[in-house]
Amino acid sequence: MTTFEKVRDITVEQLSVDADEVKMESTFIDDLGADSLDIVELIMAFEEEFNVEIPDEVAEKIRTVKDAVELLDKEK
Amino acid sequence: MQMKYAGILGMGFYVPEKVLTNYDLEKMVETSHDWIVERTGIKERHIAAPEQATSGQALIAARKALEDAGIEAEQLDCIIVATETPDTKFPSTACVLQDLLGAKAAAAFDLSAGCSGFVYSLSVANSMITSGLYKHILIVGAETLSRIMNWKDRNTCVLFGDGAGAAVVGEVPEGYGILSVEMGADGSGGKFLQMPAGGSRKPASHETVDNNEHYIFMDGSEVFKFAVKIMASASKKVMDKAGISIEEVDLIIPHQANTRIISASAKRLHVPEEKVFVNVDRYGNTSAASVPIALCEARQQGLVKKDGKIVLVGFGAGLTWAAVAMKWWSK
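Those protein sequence lines, which keep their order, are chains F and B. Position 31 of the first sequence, counted from 1, bears residue number 19 in the numbering used here, the numbering being contiguous throughout. Just add 375 to the spot in the second sequence (first one is 1) and you have the numbering used here.
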């Protein structure tokens, strides 16, 4: 599975959205309807799936699916 | 081989008369009912009257617990009050309560473990009963958090409420009562949830008052992460120690901080939401008082009955966590 596919599946599970709604350019808050606590839960799920630690100041910069994919690819 | 078993012989709770709704808060800070409900599940909370302190709330809950247990105050060997909002730094609120109750034979002390305080107290009382040191212990979780709220900070002032819950702990027949205990702390996370001033580090001064340092400070997202993980892992550990599976548990009674924390943890535990008790909607987060208030209400609603297996789990400032697995005893 690619990083995007993993991020997509986690996003679908956490935000209860359809898989085809999750595109690279989608923003978690505006396009996918996440609120601040959803973002925290998403970050936690990414941390567990990819076995990485994402500090708050980095997490705050994640706006789009692409931001998450690029960060997680870098951390790998 | 465990010789004695400790359990809860009686319980009671109290919340102040005054109710503060989200609509009331809309008039005080920039917020809305929908925003608060969506992120916390809280609809209203109770606020102590100006003349009421933590001991006054604790007293009412304690008297109900004594009556429910059929125990006189004079029979108490020890009183533990879990609170972060004592009447005064010293003497302890437990000593104030001892005097108000006329529990002349009882030792008394406060216990500071944030929102885990009641479950910590229950664990301490369990050790005191099973070791044979004491026969009857009153444990109380009581808070007047409205006094340490910054009512201009919309991030925290919508979350908390006042109240008290009490339990009389004593010996129960073999195999009943407390089956296992799991307690822990991570002091490195203390900075995420604290009252910065008013202690020996930063005594009260004009400056600390001007800087709002006598109020609750919370890093919401850090505390949220911690709470979600620890509620699930502490519950899991305490069930493992007791040798019971999640399917055998009738009810989990978590610290009532926020419905989002509770449902995220429930998901991690793979436990259906109907097995997790929630009343944060009506009381907000009452810190150390939340678990005993929730346990009282769950029992009133018939969800906690003799032979039923329950898990109590608290998490909060410290950072601390504590969980207890019980097989409920009643006569």
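Just so you know, these hints were derived from the structure itself, not from any lab. Among the clues, some could well be false.
[Stated by the list, open to error] The calculated BS3-like cross-link candidates involving lysine-lysine, where the alpha carbons are at most 25 Å apart (straight line), are:
(1) F:-6 / B:642
(2) B:566 / F:-6
(3) B:604 / F:49
(4) F:64 / B:604
(5) B:418 / B:642
(6) F:49 / B:418
Hints, one by one, checked against the model:
1. About 19 Å separates the Cα atoms of residue -6 (chain F) and residue 642 (chain B), which keeps this hinted pair within 25 Å; it holds.
2. Annotation: proposed proximity of residue 566 (chain B) to residue -6 (chain F) is violated, straight-line Cα distance about 33 Å (limit 25 Å).
3. This hinted pair checks out: residue 604 (chain B) and residue 49 (chain F) have alpha carbons roughly 23 Å apart, not beyond 25 Å.
4. Taking the CA atoms of residue 64 (chain F) and residue 604 (chain B), the gap is near 23 Å; set against the 25 Å cutoff, the hint holds.
5. A threshold of 25 Å between alpha carbons decides the hint, and for residue 418 (chain B) with residue 642 (chain B) the separation of about 23 Å falls inside it, so the pair holds.
6. About 31 Å separates the Cα atoms of residue 49 (chain F) and residue 418 (chain B), which puts this hinted pair outside 25 Å; it is violated.
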